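Chains Z and S, in that order, are what the protein sequence lines are.
Quick note on the working numbering: the first sequence kicks off at 1 and runs consecutively.
Quick note on the working numbering: the second sequence kicks off at 1 and runs consecutively.
Check the hints yourself; a few may be wrong.
Keeping only pairs whose Cα atoms sit at most 20 Å apart, straight-line, the calculated SDA-like set for lysine to any residue is [unchecked claim]: (1) K28/Z <-> T46/S; (2) K148/S <-> R101/Z; (3) K28/Z <-> A37/S; (4) K28/Z <-> K127/S; (5) K28/Z <-> W42/S; (6) K127/S <-> T129/Z; (7) K127/S <-> R101/Z; (8) K127/S <-> A124/Z.
Reference listing, derived: stretches of chain S covered by chain Z, where coverage requires no fewer than 3 residues with Cβ under 8 Å from a Cβ of chain Z [what the hints assert, rightly or not]: (9) 38–50; (10) 187–199.
Derived Cβ-Cβ restraints for the label pairs, each shown as a range [unchecked claim]: (11) E121/Z <-> T209/S: 35 to 45 Å; (12) S126/Z <-> V151/S: 27 to 37 Å; (13) V11/Z <-> L31/S: 19 to 29 Å; (14) S126/Z <-> T209/S: 48 to 58 Å; (15) S24/S <-> V91/Z: 50 to 60 Å; (16) G20/Z <-> W224/S: 27 to 37 Å; (17) A117/Z <-> L31/S: 37 to 47 Å; (18) T14/Z <-> A85/S: 25 to 35 Å; (19) V11/Z <-> D297/S: 48 to 58 Å; (20) S126/Z <-> T46/S: 27 to 37 Å; (21) T209/S <-> V11/Z: 29 to 39 Å.
Hint data in this document are derived by calculation from the structure and do not stem from the laboratory.
Computed from a prediction, not measured in an experiment: that's the story for all the values here.
C-beta: ideal position from N, C-alpha, C; glycine also.
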Amino acid sequence: MRKSHPVRRAVLATAATVSGIVLLLSLKPASDPGSAAAGGAVPPAAAQSPQGGAQPIGNGTVTGDAAQTQYGAVQVRLTVSGGKITEAEAVRAPRGGQSDRITSDAVPRLNQAAVAAQSAEIDAVSGATYTSAGYKESLQSALDKARAAGSAGAPGAAGSGQGPGSARARTVTGDAAQTQYGPVQVRITVDGGKITEAEAVRAPRGGQSDRITSDAVPRLNQAAVAAQSAEIDAVSGATYTSAGYRQSLQSALDRAGG
Amino acid sequence: MTTTLAGGRAARRQTMRRIRPRRSPAVPLLLAVGAGAAAVLWLWWTSTPSIADTTGRIVAAGRITGLLAGYLMALVVLQMARVPALERRVGSDRVARWHATSGRYTVCLVVAHVFLIMWGYALQAGKSLGDIVQQTVASVTTLPDMGKAAVGTGLLFVIALLSVGPVRRRLPYDGWYHVHLLTYAAVYLTFWHQITTGNEFAVEPSAKTFWYGLYGTVTALVLWYRVITPIRLNLRHRMRVEAVIEETPGIVSVLIGGRRLHRMGAEAGQFFRWRFLAPGMRFSSHPYSLSAAPRPDMLRITVKAIGDHSSRLRELEPGTRVWAEGPYGALTAQRRSRGKVLLVAGGVGITPMRALFETLPGASGDITLLYRANSTQDLALWDELAKIADERGARLMYAVNSPDGERPDISADSLRRKIPDIDHHDVFLCGPPGFAQSVYDALRGAGVPARRIHHESFEM
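Sequences and hints are given; from them, build the entire structure.
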């Protein structure tokens, strides 16, 4: 028969529960570690081959990269015909709880807006700010892919097969690479088969990471343009960010066909 | 009457067969519960890709507390499903304490869940903490199954309030008990919103299966052990009151006859929950220990008239139908690990001790009973105890207040003086809370290890 100390037990239970939950929350990264995997897994099926031809936008369906929002991923699939967006739909959208209602309300309106605007310049649906932002991001990526496919002009060279020999400058965004401090994602501008510009659209943030990112990323950008490849040196003191940068840069180069 | 009730050799042999001490499954069960909780947290972990900001953290904390509350709620109900492994191996008293503790904890989780989720949703909608009530109303009215969940949660809070110590003590037991049964309704009502609005269940279909499995299993166990098993038991044994005997002023024995009562599997030291189908008594069921080893045609309980119910037992007419549920309780010979046994009884706590005193296997001199009462007149069942002691060569001691009201000395020293090898005994202890605590401390002081002090207490 143990003597029970109800107060002490209550304090212990509360402390254990609160610290457990805080620990779980703090272990969760600020953005999606699954996005690299999911993004990497999607393209083969998603960037389905347009039918070729010389249209500025290839025919067929194109799926944009998944955009992470705090409520979950948004991913847009476009059906393109005759250079026009004939249909837009969200293959992924936030779900669960409150999100179900918001998604079912906002997504159809965003779909209509996308078809009407024929671009990613659509207004956010009020009450669904995050979902709208994610939708626009994924829509932009789908449009980029469709344009790339269209301008590549070669049948079967859709999505991942566009060559850097395109006459126009264009931007290609690599997959997000996960590092232990957060994702790194690189966008390159390719003109005449050359990398003319490199920038990190995502990089580790918060605390110490802010300083390291602001120091390392510009140097990595320069290095990428100088090297014209992913063979760049790591910035000392930013080993993980450098590794992630190189990985995402390589994926962008792969997409650009370089 | 006493001679017929001394169950004798047959009962003793039955107990003898089961002397192998069995470990309580408490530790593996608690490990399983912990593993389940870890699985629930893992479910949250895998279905949450990332958390962007403070709002996301608040919502995530709300989801974690909600998932844990949903998981524990099923276990809180399971603890009261009267599953034999819990009632007879872990012990009804211990399981009841688990139930109370985990119930309190679960209600706290529900409060945290409601507050955090609604706060988070308010922030998501661009409002502030101050709009939490408005947000709650909006969520309850617009989200699926949230109306049901709100009613269920309200019910749960009422039940929880009525179970807080000081409130509960002021309520009549039966009224409190029947309100407490509404927990089933509350659990049913709150179940559905977990499935329909829970992010984890939307994202992960196998989680839904797991949840249905958990709640389905608990429902099946409750139906089987709380409804079907008692019906079968009572249809088979058809118990009736045979006689009511006044043992001492204020303590009565009720003899209960029926068919093939030895087949109920009851052991000395166990109890049943009794419901006497007499006017004014049929709606309350009370736990009373058997005060003699069960015989094929007769059970006996001995009860002190302290409450409404127990006082009315005196007026029971022979022939009154009896509805019993059980046997429950783990204070049986199975707990024993040593050859020598000391039984300590305080007041009406003698009832299970009397049954054990008669049936615990042991050679002459192995069994000792120490019986504490206010006065020699209050030593209920003394004559039969003396007779058993005589027959078995067991030791029987009593401790009563002196005529001037001085309390007898039950301390480590006095125990060691009376029973020099007390630290080689298993001790079975039953009595009122204060008495049990002081004897426990004395026993520990006299060198009896805690694992060999077997005690049942229904304090919360």
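So, going through the hints one by one against the coordinates:
A hinted pair counts as satisfied when its Cα atoms are at most 20 Å apart, and K28/Z with T46/S qualifies at roughly 10 Å. Note on K148/S and R101/Z: the hinted pairing holds, with a Cα-Cα distance of about 18 Å set against a maximum of 20 Å. For the proposed pair K28/Z and A37/S, the alpha carbon gap of about 18 Å is at most 20 Å, so the pair holds. For the given pair, K28/Z sits about 25 Å from K127/S by alpha-carbon distance, which is inconsistent with the 20 Å threshold.
As the CA atoms of K28/Z and W42/S are separated by approximately 12 Å, the hinted pair is consistent with the 20 Å bound. Distance hint between K127/S and T129/Z is fulfilled; the C-alpha atoms sit about 14 Å from each other, no more than 20 Å. A threshold of 20 Å between alpha carbons decides the hint, and for K127/S with R101/Z the separation of about 18 Å falls inside it, so the pair holds. For the hint linking K127/S to A124/Z, the alpha-carbon distance of about 18 Å falls within 20 Å, and the restraint holds.
Evaluation of the coverage hint for the segment 38–50 of chain S: fulfilled, as 6 residues show C-beta separations to chain Z shorter than 8 Å, against a requirement of three. With 3 residues having a beta carbon nearer than 8 Å to a beta carbon of chain Z, the segment 187–199 of chain S meets the requirement of three or more and the stated coverage holds. About 44 Å separates the C-beta atoms of E121/Z and T209/S, a value consistent with the hinted range of 35 to 45 Å. The given range of 27 to 37 Å is respected by S126/Z and V151/S, whose C-beta atoms sit roughly 32 Å from each other.
At roughly 24 Å, the beta-carbon separation of V11/Z and L31/S lies within the given 19 to 29 Å, and the hint holds. At roughly 37 Å, the beta-carbon separation of S126/Z and T209/S lies outside the given 48 to 58 Å, and the hint is violated. Checked against the given bound of 50 to 60 Å, the beta carbons of S24/S and V91/Z, roughly 53 Å apart, stay inside it. Take G20/Z and W224/S: their Cβ atoms lie about 34 Å apart, and the range 27 to 37 Å holds.
With their beta carbons about 58 Å apart, A117/Z and L31/S fall outside the hinted range of 37 to 47 Å. Checked against the given bound of 25 to 35 Å, the beta carbons of T14/Z and A85/S, roughly 30 Å apart, stay inside it. Checked against the given bound of 48 to 58 Å, the beta carbons of V11/Z and D297/S, roughly 54 Å apart, stay inside it. At roughly 32 Å, the beta carbons of S126/Z and T46/S sit within the given window of 27 to 37 Å.
A hinted range of 29 to 39 Å for the beta carbons of T209/S and V11/Z is consistent with their spacing of about 37 Å.
Violation of the numbered hints given earlier is confined to hints 4, 14, 17; the remaining hints are satisfied by the structure.
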